[in-house]
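S.K.: Next come the chains, spelled out residue by residue.
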Amino acid sequence: MPAVTASLVLIIFLAGTIAGSLGALLGLGGGVFLVPFLNLGLGFPFTVAAAISLTTVIATSSTVSASRTGKHLINMKLGMLLEVATAGGSLLGGLTAQLIAQATLQKLFGVLSALVGIIMLSRVRRRNVILDPNIDPGVLGGRYHEDESGGVVTYRVKRLPVAIAASFFAGNVSSLLGIGGGFIKVPVLNAWCGIPMRAAAATSAFMIGVTATAGAIIYYGHGQLVPALAATAVLGVQLGSWGGMRFGAAAPVKWLKVLMAVVLFIISAMMFARGMR
Amino acid sequence: MSPSPHHTSERELFRLEATVGLVLRAGVMLSSACLALGLVLSLSGAAAVSPAGLLLQIGILALLATPIARVVVSTAEYISERDWRFTTLTLIVLVELLASVVAALMFGRKL
Chain L
244 MPAVTASLVL
254 IIFLAGTIAG
264 SLGALLGLGG
274 GVFLVPFLNL
284 GLGFPFTVAA
294 AISLTTVIAT
304 SSTVSASRTG
314 KHLINMKLGM
324 LLEVATAGGS
334 LLGGLTAQLI
344 AQATLQKLFG
354 VLSALVGIIM
364 LSRVRRRNVI
374 LDPNIDPGVL
384 GGRYHEDESG
394 GVVTYRVKRL
404 PVAIAASFFA
414 GNVSSLLGIG
424 GGFIKVPVLN
434 AWCGIPMRAA
444 AATSAFMIGV
454 TATAGAIIYY
464 GHGQLVPALA
474 ATAVLGVQLG
484 SWGGMRFGAA
494 APVKWLKVLM
504 AVVLFIISAM
514 MFARGMR
Chain W
42 MSPSPHHTSE
52 RELFRLEATV
62 GLVLRAGVML
72 SSACLALGLV
82 LSLSGAAAVS
92 PAGLLLQIGI
102 LALLATPIAR
112 VVVSTAEYIS
122 ERDWRFTTLT
132 LIVLVELLAS
142 VVAALMFGRK
152 L
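Line order of the protein sequences matches chains L and W. In my numbering, each residue carries its 1-based index in the first sequence increased by 243. In my numbering, each residue carries its 1-based index in the second sequence increased by 41.
No lab work stands behind these hints, which were simulated from the structure alone. Note that the structure is a prediction, hence the values are computed from the model and not measured. Built from N, CA and C at the ideal position, the CB exists for glycine as well. Careful: at least some of the hints might be erroneous.
To be verified - These stretches of chain W come out as covered by chain L in the derived footprint (C-beta under 8 Å, 3 or more residues): (1) 63-72; (2) 92-98.
What the hints assert, rightly or not - Residues on chain L that point at chain W, a partial pick, calculated with CB under 10 Å: (3) A302; (4) L338; (5) A459; (6) A516.
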């Protein structure tokens, strides 16, 4: 278990700030950057790194969702339905993480970060807004006012079983590897289930708090959650994502996405190299 | 925009969002305050079992409890709306969260 020193706290706080601001700019949680930094960079056991990262995921979800309530952007009904799947997946992931060797977890993370990089590159230019206020959204669909276009966006949910399967998988990966899992759900909800990008992202961010909690509790029970270090990372990520959201509008996101995809491929290679040793 | 009376009304949806927002905001403020204070105190040299250590534990538990509290108030809201389908779904989520608490307790650690 890493000893808590003032310099370690400072390093983790800075790492959290950077991960949080990148996360806010790219629409990801910062976990995909934080876990490899803690595991490969600082040499923490993978499960300790994942546990710290999961607490930052919970904090980000609660903060972001609190600021979005009242706008109907979060689809609460769909979110609570899919949470049945994400929390179940997360519970299983938290349990299996205790049984899997660190080298295997590192290889899985390698696969996953490469996947995030590919998804990020493939979505550099995509925007998806459906403007048809006359359709009936049904029980699970939604309707919200979009600030950019000034119109009302209405949507229905298609292919619910696909959304449930993706949510279960995202929940499983989330607590196994210490990340939010939004990068799995958001593209699926958007591309296959008819949910507009902004609603898909808001609903996913809403769900990952409950998802990560189901996993984090198990890490906590195993004594893998170091309170002082989790506190540091949480505060750093909170500051970073606040800054990213506040000052991020002017940032050249397209360029940043390409750069970060390259970083993710490097992380993937490093995780693989470590996992193979 | 045509109203759809057989679905959750606009007013009920707004009330649920407001309640959920309140719970999340309160949870984040409580946990962040405890974590920040606990961290500052522990860096100024206090041992693990101390006000600092206790504040950090409370902060972590408040962080973990916030999403759970959000599901609990949603369940209560769906019960008051007599929406049994979503009452059942949110109850299943609570059972899953409870299962992870039970799993954590079975490993014999404090929680």
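S.K.: Hint by hint, say whether it matches the structure.
M.R.: Hints and how they fare:
1. 63-72: Coverage by chain L holds for the segment 63-72 of chain W (5 residues, Cβ < 8 Å).
2. 92-98: This one holds; 3 residues, not fewer than the three required, reach chain L with a Cβ under 8 Å.
3. A302: Where the cut-off is 10 Å and the nearest Cβ of chain W is about 6 Å from A302 of chain L, the hint holds.
4. L338: holds (6 Å)
5. A459: holds (6 Å)
6. A516: Since the shortest Cβ distance to chain W is 32 Å, the answer is violated.
In summary, the one numbered hint that this structure violates is 6.
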